[in-house]
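Q: With the hints as extra help, turn the sequences into a complete structure.
Numbering that gives the first Met the number 0 puts the first residue of the sequence shown at 0, with every later residue one more than the last.
Each hint can be trusted.
With beta-carbon atoms standing in for the labels, derived distance ranges:
| id | residue 1 | residue 2 | range |
| --- | --- | --- | --- |
| 1 | Leu62 | Asp233 | 30 to 36 Å |
| 2 | Leu98 | Glu69 | 37 to 43 Å |
| 3 | Ala130 | Met238 | 18 to 24 Å |
| 4 | Ala153 | Leu111 | 18 to 24 Å |
| 5 | Gly89 | Glu174 | 23 to 29 Å |
No lab work stands behind these hints, which were simulated from the structure alone. The beta carbon of each residue, even a glycine, is placed where N, CA and C say it ideally should be.
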Amino acid sequence: MLLEGKNALVYGAGDIGAAVARGFAREGAAVFLASRTGSRAEEVAAAIRAAGGVAAASEVDALDEAQVEEFVGAVATQAGSVDVSFNLIGIDDVQGVPLTEISFDDYAQPLLKAVRSTFLTARAAARRMAAQGGGAILAFGGSSNGSEIPRDHAFGGLLVAFEAVEAMRRQFSAELGANGVRFVTLRTGGVPESIPAEFDGREEIERSLTAATLLGRTATLEDVGTVAAFVASDRARTMTAATVNVSAGALIDF
Numbered sequence: 000m001l002l003e004g005k006n007a008l009v010y011g012a013g014d015i016g017a018a019v020a021r022g023f024a025r026e027g028a029a030v031f032l033a034s035r036t037g038s039r040a041e042e043v044a045a046a047i048r049a050a051g052g053v054a055a056a057s058e059v060d061a062l063d064e065a066q067v068e069e070f071v072g073a074v075a076t077q078a079g080s081v082d083v084s085f086n087l088i089g090i091d092d093v094q095g096v097p098l099t100e101i102s103f104d105d106y107a108q109p110l111l112k113a114v115r116s117t118f119l120t121a122r123a124a125a126r127r128m129a130a131q132g133g134g135a136i137l138a139f140g141g142s143s144n145g146s147e148i149p150r151d152h153a154f155g156g157l158l159v160a161f162e163a164v165e166a167m168r169r170q171f172s173a174e175l176g177a178n179g180v181r182f183v184t185l186r187t188g189g190v191p192e193s194i195p196a197e198f199d200g201r202e203e204i205e206r207s208l209t210a211a212t213l214l215g216r217t218a219t220l221e222d223v224g225t226v227a228a229f230v231a232s233d234r235a236r237t238m239t240a241a242t243v244n245v246s247a248g249a250l251i252d253f
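A: Next comes the structure, spelled out in structure tokens:
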């Protein structure tokens, strides 16, 4: 198993967070789920345990510095190490308002949420990982690298939020590499399974996401969990300061 003996922290128990938690558990990691909605995190953890995995859930707001520090400290004390950390809380990704009409507070909401949660969770993990001699920090989203130009007004501050996380990934990687700590982001180009069934226009969005790929299919939740487990593992020990493209060709690297 890729993650046997590893302790993995996952923030967020939505569809993608749950898929990553399952992917980590399948590869032998002990998974520690953190979510503002403790009941949802416990549902995911219970399902992992029912499938034979090891998982625990905690009610944690990833935007609260004290709660994040307490959670990571408790895992380090209880489990003995913090080997993987992945922030997957939702950041309000579709705002649907043109830039000329959106208020700054609304525009800045995903940016501030992404930067604060990514920084707090990464910093707390990095401190323990640096002291123990290694670990892997993952983030979700990623830069377009110029491979796409937004042509509508659904994005709001989301693209700036992703770019900010990429800058943070580069900075953490540079500062922590000497301590054996890796930082990698994953980008998917969109996962239709994560769109709520009742979301207006869901079918149209799914068709457009699929049409944008080169392989004729989008990444699934299981795909994201599987790739995340590999990136978090020692098999990927040479990967850091990088973005992993899981978009089926929807996003093209240059």
